[in-house]
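Protein chains: 2
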Amino acid sequence: MSMTAELISVGTELLLGNIVNTNAAFLAQECAKLGLSVYYQTTVGDNPGRLKAAVEQALERSDVVILSGGLGPTQDDLTKEITAEAFGMKLVEDDHTRERIQAYFDARGTKKIAENNWKQAMVPEGAVVVDNDNGTAPGLILEKDGKTAILLPGPPGELIPMFQKDIFPWLHQRQPETIVSEMVKLCGIGESSAEMMIADLIAAQSNPTIATYAKTGEVHLRVTARAEDEESAKRMMAPVLKELKVRFGNHIYTMDEHVSLEDAVVGLLQEQGLTVTTVESCTGGLIAGRLVNVPGVSEVFKQGFVTYSNKAKRKLVGVKKTTLREFGAVSDKTAREMARGAVLVTGADAAVAVTGIAGPDGGTEEKPVGLVYIAAAVRGQTYVQECHFTGNRAKIRESTVAAALTLLRRAVLETAGN
Amino acid sequence: MSMTAELISVGTELLLGNIVNTNAAFLAQECAKLGLSVYYQTTVGDNPGRLKAAVEQALERSDVVILSGGLGPTQDDLTKEITAEAFGMKLVEDDHTRERIQAYFDARGTKKIAENNWKQAMVPEGAVVVDNDNGTAPGLILEKDGKTAILLPGPPGELIPMFQKDIFPWLHQRQPETIVSEMVKLCGIGESSAEMMIADLIAAQSNPTIATYAKTGEVHLRVTARAEDEESAKRMMAPVLKELKVRFGNHIYTMDEHVSLEDAVVGLLQEQGLTVTTVESCTGGLIAGRLVNVPGVSEVFKQGFVTYSNKAKRKLVGVKKTTLREFGAVSDKTAREMARGAVLVTGADAAVAVTGIAGPDGGTEEKPVGLVYIAAAVRGQTYVQECHFTGNRAKIRESTVAAALTLLRRAVLETAGN
Numbered sequence: 002m003s004m005t006a007e008l009i010s011v012g013t014e015l016l017l018g019n020i021v022n023t024n025a026a027f028l029a030q031e032c033a034k035l036g037l038s039v040y041y042q043t044t045v046g047d048n049p050g051r052l053k054a055a056v057e058q059a060l061e062r063s064d065v066v067i068l069s070g071g072l073g074p075t076q077d078d079l080t081k082e083i084t085a086e087a088f089g090m091k092l093v094e095d096d097h098t099r100e101r102i103q104a105y106f107d108a109r110g111t112k113k114i115a116e117n118n119w120k121q122a123m124v125p126e127g128a129v130v131v132d133n134d135n136g137t138a139p140g141l142i143l144e145k146d147g148k149t150a151i152l153l154p155g156p157p158g159e160l161i162p163m164f165q166k167d168i169f170p171w172l173h174q175r176q177p178e179t180i181v182s183e184m185v186k187l188c189g190i191g192e193s194s195a196e197m198m199i200a201d202l203i204a205a206q207s208n209p210t211i212a213t214y215a216k217t218g219e220v221h222l223r224v225t226a227r228a229e230d231e232e233s234a235k236r237m238m239a240p241v242l243k244e245l246k247v248r249f250g251n252h253i254y255t256m257d258e259h260v261s262l263e264d265a266v267v268g269l270l271q272e273q274g275l276t277v278t279t280v281e282s283c284t285g286g287l288i289a290g291r292l293v294n295v296p297g298v299s300e301v302f303k304q305g306f307v308t309y310s311n312k313a314k315r316k317l318v319g320v321k322k323t324t325l326r327e328f329g330a331v332s333d334k335t336a337r338e339m340a341r342g343a344v345l346v347t348g349a350d351a352a353v354a355v356t357g358i359a360g361p362d363g364g365t366e367e368k369p370v371g372l373v374y375i376a377a378a379v380r381g382q383t384y385v386q387e388c389h390f391t392g393n394r395a396k397i398r399e400s401t402v403a404a405a406l407t408l409l410r411r412a413v414l415e416t417a418g419n
Numbered sequence: 002m003s004m005t006a007e008l009i010s011v012g013t014e015l016l017l018g019n020i021v022n023t024n025a026a027f028l029a030q031e032c033a034k035l036g037l038s039v040y041y042q043t044t045v046g047d048n049p050g051r052l053k054a055a056v057e058q059a060l061e062r063s064d065v066v067i068l069s070g071g072l073g074p075t076q077d078d079l080t081k082e083i084t085a086e087a088f089g090m091k092l093v094e095d096d097h098t099r100e101r102i103q104a105y106f107d108a109r110g111t112k113k114i115a116e117n118n119w120k121q122a123m124v125p126e127g128a129v130v131v132d133n134d135n136g137t138a139p140g141l142i143l144e145k146d147g148k149t150a151i152l153l154p155g156p157p158g159e160l161i162p163m164f165q166k167d168i169f170p171w172l173h174q175r176q177p178e179t180i181v182s183e184m185v186k187l188c189g190i191g192e193s194s195a196e197m198m199i200a201d202l203i204a205a206q207s208n209p210t211i212a213t214y215a216k217t218g219e220v221h222l223r224v225t226a227r228a229e230d231e232e233s234a235k236r237m238m239a240p241v242l243k244e245l246k247v248r249f250g251n252h253i254y255t256m257d258e259h260v261s262l263e264d265a266v267v268g269l270l271q272e273q274g275l276t277v278t279t280v281e282s283c284t285g286g287l288i289a290g291r292l293v294n295v296p297g298v299s300e301v302f303k304q305g306f307v308t309y310s311n312k313a314k315r316k317l318v319g320v321k322k323t324t325l326r327e328f329g330a331v332s333d334k335t336a337r338e339m340a341r342g343a344v345l346v347t348g349a350d351a352a353v354a355v356t357g358i359a360g361p362d363g364g365t366e367e368k369p370v371g372l373v374y375i376a377a378a379v380r381g382q383t384y385v386q387e388c389h390f391t392g393n394r395a396k397i398r399e400s401t402v403a404a405a406l407t408l409l410r411r412a413v414l415e416t417a418g419n
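Note that the protein sequences, when read in sequence, are chains F and V. Residue numbering for the first sequence follows my numbering, starting at 2 and increasing by one per position. Residue numbering for the second sequence follows my numbering, starting at 2 and increasing by one per position.
If we strip away everything but chain F, and leave its shape as in the complex, we get (with noise of 0.2 Å):
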């Protein structure tokens, strides 16, 4: 039997709509990873009865209890006073957090502390304080008769890295099993296809698991192993590993879970010593902003185009008239001139050009809302893409960056011994 943690979110302005609740999903992940059964993930507001009885009802039903928001310096941050009053524990002022909190000021060049911030040193007797590295209310970790409270300040900015930092370890320590898990990123396949590839996998499964993650143009397979230690854990996943580099191939960019597709795209034209450019029609420049998304992209990417108009594709990239008149803006011609024109002008290696029509209007019988033509030039051959994508204007455009960075890819793969 795992053990089973329970997510609580503090905060009026989850309740109210404001925020997306996005530290839910990435500690339920977290939890996921760390092989802990979540049942119940429950947001409540700063209201003190409320918050309290959430606090006892998750702490008799599950093993740990998360909780995220409410730490801050005002009289409306609740949650480590009803949490310590839950557990018995008086709150002390903690030396070392003052000192952080000073320290915190000091080097924002805050002259005037306001005083509200020193409740923010006061912890319960006996918790382990936790720093945090980008604010001033410390993590909490509260234990007591088995149970454990681990109390996160709201702002995504602090809690990530606070968890990731100290609460991922702490918890992986705790737990009597270890689990391992990897992420295999696949491009250029649908979910289903996957899902069909490793039908028998998934069927058969116990330890270690697959399970498949649907984003836009991508599917992420997580496989996850339990075992005593570390290293038996990862013996009983390499086999399956290897059995999906088999069944999909270079649909695999990467099996590094903090690596994006453009870091893929990017490293593999730095590896190949290419630089890129980008003409863009329907998607407007969110190719090139996704490239810039890497850092260090400046060794592969100079330049990009913007080319939503007809007379900008050609004058920008050299699109003949011709072509625009009798295959029109939004055809595979167009498109494979975008990308070879882009090449000519500016002396890049590799050029990635989309035309396609976004919507919500502009569609035709023949040529639909949906329809792309998504071209890649690298070294002297091209390749073009029809593509048919559903759903509104901004799907269209996000399915379409993704498909254009994976055929950019599958053109640096495919002509990588030319």
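These are computed hints drawn from the structure, not numbers from a lab. This structure is a prediction, so every number in the text was calculated from the model and none was measured. Please note that the accuracy of each hint is not assured.
It does not matter which identical chain is meant; a pair holds if it fits inside one copy or across any two.
[Stated by the list, open to error] Below, simulated DMTMM-like cross-link-like pairs (lysine to aspartate or glutamate); rule was C-alpha separation at most 20 Å, straight line:
hint: 1; residue 1: Lys396; residue 2: Glu263
hint: 2; residue 1: Lys91; residue 2: Glu272
hint: 3; residue 1: Lys368; residue 2: Glu178
hint: 4; residue 1: Lys112; residue 2: Glu57
hint: 5; residue 1: Lys216; residue 2: Asp264
hint: 6; residue 1: Lys216; residue 2: Glu14
hint: 7; residue 1: Lys120; residue 2: Asp134
hint: 8; residue 1: Lys312; residue 2: Asp350
hint: 9; residue 1: Lys316; residue 2: Glu300
hint: 10; residue 1: Lys243; residue 2: Glu231
hint: 11; residue 1: Lys243; residue 2: Glu232
hint: 12; residue 1: Lys34; residue 2: Glu14
hint: 13; residue 1: Lys53; residue 2: Glu86
hint: 14; residue 1: Lys334; residue 2: Glu82
hint: 15; residue 1: Lys166; residue 2: Glu183
hint: 16; residue 1: Lys312; residue 2: Glu300
hint: 17; residue 1: Lys396; residue 2: Glu94
hint: 18; residue 1: Lys396; residue 2: Asp134
hint: 19; residue 1: Lys148; residue 2: Glu61
On the provided structure of chain F, position chain V as indicated by the hints.
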């Protein structure tokens, strides 16, 4: 005393953190608009025992329980069965829904409908059946002894339109009071400044109320009034809206909830008959990408440049070599030349340009990460703004995009008399 509502999200994918619970934020915001007080949000999996307990607890403490997810065709989908049981209703086949399911598959050319789909035509006896225009599982409204359960399909593409079309009006009618709410969206002002400017209004408020929401580079104010009828509510709201207009003036880019900053900027350009071009360094295409979010943008936006390297800044938009050498790529002067050069090169009426250091590397003491220069050239005048953003690479870039749209808007407004 206003009616209370409670949200229950059903789905293992939420408990595992595979997806972020955007439905909860959407529903919470709609409830706030309706004047329903939401004190609890719970997420549970497809486990019958735990789901039943959650439904019973919610019905005990809240007037309206809104459940989402678990209405599909599979055996795991139990929300309807368990809620019907809690209301003491048996399931009966609904002919109308059966016909709609048939029509749904017919429209998609499905020859053989999987048998389990018909489970979705079974509805609790006496429940209101709400048509699903985007899927096969209908929504359901169950009422008994002053308690209401509303069951919605989980996919946001089904839940959101169903809620807006049928559930919102249904709840609105049942509210003893009428709630009217308006959104006032601001740009070019920070949240704390905005709050300070209306601190007196917020301190004195009871009805109407003003709630502030911070977005990247924007602040949204929701003004909500409750009254016996819509006309009275609107009458109560009018002086508050008028006062906000006086205080925030041109910072208000729209008073329409459905209008985004890019919508407003594109609308303004259309109104004034101006075309615009973009020149982007650190944002790498994201400003153009946001403009292209707007359907019909082709009237004002024809082309844009991503000039990531110094050479691209020189070649594509004619930034001077001496400027780059003497002042650097990240400088007031470079931003200015990028914008002016783009106007010259493209013949557009306006240009917006950005150059900055998005990090994590590349910062120096003199030019730290987060330093960004934004220039907007309109009708012969050039506005330049020096910004210092905080956060990670993505956050700095996102803030830059919002600030660039804001500066462009300001430049267009301020030069309008020329």
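Could you tell me which of the numbered hints above are not met by this structure, giving the numbers in increasing order?
2, 3, 4, 14, 17
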